[in-house]
Amino acid sequence: MTQIRRLFRTPWLGPLLALFALYALFTVLAPDTFARQSNLLTMLRQTSVVGIAAVGMTFTIVLGGIDLSVGSAVALTTVVVAECLRAGMGPVAAAALGVLTGGALGLCNGALVAGLKISPFIVTLGTMSVLRGVAKGIADEQKIDADPRGLDSLMQSHASALLFPAGVWLMLIATLFGVGLLTYTKIGRQIVAVGSNTETARLCGISIPRTTLFVYALSGLLVGLAGVLEFSTLTVGDPTDSVGLELEVIAAVVIGGGSLSGGQGSASGTLVGALLLTVIKAGCTHLGLPNWVQEIFTGFIIVVAMSIDRLRQRAR
Amino acid sequence: MSESGAPALLRVAGLSKSFGATHAISNVELTLREGEVHALLGENGAGKSTLLKILAGTQSADSGSLLLAGRQYAPRTPEQARTLGVAFVSQEPALCPDLSVAENIVLSALPGRFGWIDRAEQNRRAGAALARVLPEGAPLPDLAQRAGDLGQGDRQLVCLARALAQTECRILILDEPTSTLNSSEAERLFVVVRELTKSGIAVLYVSHFLEEVERIADRYTVLRDGKFVHSGEIAGTARSELVKLMAGRDVQELFPRSARSPGEVVLDLRDIAGPRLPISASLSLRKGEVLGIAGLLGAGRTELLRAIFGLDRVKGGSLRVKGVLGPASPARRLAQGVDLLSEDRKGQGLAEALSLGDNITLSTLQSLGPFGLVSPKKRAAIAQSYLERLGVRARGPEQLARDLSGGNQQKICFARLLQHGADVLLLDEPTRGVDVGSRADLYRIIDELAAQGNAVLMISSYLPELLGVCDRIAVMVRGKLGPARPASELSEHALLLEATG
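If you read the protein sequences in the order shown, they are chains P and L. Just so you know, we're using the working numbering here: the first sequence kicks off at 1 and counts up by one. Just so you know, we're using the working numbering here: the second sequence kicks off at 1001 and counts up by one.
Don't take each hint at face value.
Pairs of lysine to aspartate or glutamate, DMTMM-like flavour, derived with a Cα cap of 20 Å [as the list claims (entries may be wrong)]:
1. P/Lys186 <-> L/Glu1241
2. L/Lys1053 <-> P/Glu199
3. L/Lys1227 <-> L/Glu1241
4. P/Lys186 <-> L/Glu1121
5. P/Lys186 <-> L/Glu1079
Since the hints were derived computationally from the structure, they do not count as laboratory data.
Please model the entire structure based on the sequences and the hints provided.
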């Protein structure tokens, strides 16, 4: 009985049902194209960049923070990876450097938030602009062509022996990692504690600056990984890429049960949120609906998901 | 001071702390003995909280000596204080609502290896800590439950359990522990405190409720204006003596009562029911009288006031204000001359970041000038008149509301109600967190208002206050409001019996 009640309290139960419902709806409306297995694969692949960055954002939002610089950081990472490859680096080294770039950028955000005690919204609003500028500066405001040396295969299905492309596996692993970290580790519970009630967490001896640094750096590493996958999709370094990506990432977390006031959110819910956004986009495309309809529909779903969540919380 | 009885655990002497030019405390002394409950008494602003903060490690003293079991004690952080055995439980239960009960209890030392949490060990430790703060035989709350879903009393138990779970607790500081509890929860707390002292723990107990102090404490220390006044045994000290020590003057006329002449009915409720609470409430309030509502926390008293004021939906029954039926909304009620003083002063009653003048005139801005303009001069003049009339201790209308003590903040809330011209006043716990001296001022204000023909409906959990201030009192039990009876025919004992019945 308590098990069932717990299940109903799962904040992402609603979004999960919505995901199935929408999937069924589009399958009925476009049975020839949408329902194909290849489309399922395509949708998973299309979700991986947002999905991985969103796991990072889940940590940030559970902590009570926010990161608006995700889109710029992804673009900067694609530029860094492209430049590395062009400089003759191997694919593994270039990818590793891309991930570390993201981590370093996250660490900077974290240091500004923790050290200067400025609100994370303001800090990352600033770094969003700074990083976009840096990316454009490094790339000389152009796309950087580079031989991907196999990095492009991360997102290709035929290059993988394991059902999904590597990017999709990375997304699933990142999600599992996120669930494990937030549920079963000390640092994870401390993140929830800080987001839930910062003062109490401080009184219980949890270092707020240390936790903040950890979260933004870890989130940055995941953003870096998303950037590498984005490069793998584009096969060029593009400083103008991923404008507004952060909003999609935040939407995925929030649809999945994350609360912008902190303390609530889960990586599994976030994955559901990210998939929901992709299904809406893909479904609309298969139905031949124009882009503006997709955008209206997406916005609609976000607000509806939030309203349902409000009602659920009130019923408690 | 006599050195009889148990050995001294904590000895504070000559303790001083100033903020800028103001001395928060100067030359304070305090001796805590093993296994005693020691009441720390004083009005708001007497320096109690500064002393507590120094003991808990959130502030450091400028000078003076602190000896804990004979050794120098100077904690720089709450963590350090805890490791030395001094635990602090704040007035408002400080919990992480999104964590489980067990996690909240062991939060400062989550058990586990290599960063992974050991759930079994966590539950074992949390369960053991909870068992210490529950009366014998009481069932353990669900450890996996979200702490945010607990009631106030259980929240405080969790905080107490956390304080005890941390290393070996030798001194437990409780700051106004019963202010958010109902009487059965308070009873449970008293039992627990007694149990804890048996194991040698010294409890420093801060409370405004003297009858509570008389029941639970062995000795007391009184502070006034940041200075040590007196210390002694509770047994053999009269309550009036304690009040005198705290206030520094005789508070004889604590409950002034002018001649009141109740007039026509201005508020008439028949079987009012809300979505959940209240279940049924009938009463009629007349001009020029003070009607009190007693009851336990959670009985539905606040919900009743909110329903009357139009903040919550009314599901059934009829509600007449000055003879008029009709839909309720706060704007409509304000227009009818009904105003509400919220129990949550910081959250709902006051804009803390604004000046006193702004706060007083907030709901009557249109009277401050033509065309939506606000005249600062006019505002200051209005505010100044209230500061004088209500005896607010403040520098002037430009001072920020957050700089005032609780009692003076409450006077500002009253001033806004008066400025608004309300003649039916709904007061929800008007003296919560207010010191003795300011409470007397508030009683005087309420009495004056009633004598001038205003109608007052007042909720309070402090029974002597209801008996002293009100003409009639009704008791609310589990959502149902009983009949109002003359206060002169009632006693604390009778009210308590009815409320817990």
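Results of checking the hints against the structure:
no.: 1; hint: P/Lys186 <-> L/Glu1241; verdict: violated, 52 Å
no.: 2; hint: L/Lys1053 <-> P/Glu199; verdict: holds, 15 Å
no.: 3; hint: L/Lys1227 <-> L/Glu1241; verdict: holds, 18 Å
no.: 4; hint: P/Lys186 <-> L/Glu1121; verdict: holds, 13 Å
no.: 5; hint: P/Lys186 <-> L/Glu1079; verdict: holds, 18 Å
Hint violations for this structure: number 1 only, all remaining hints satisfied.
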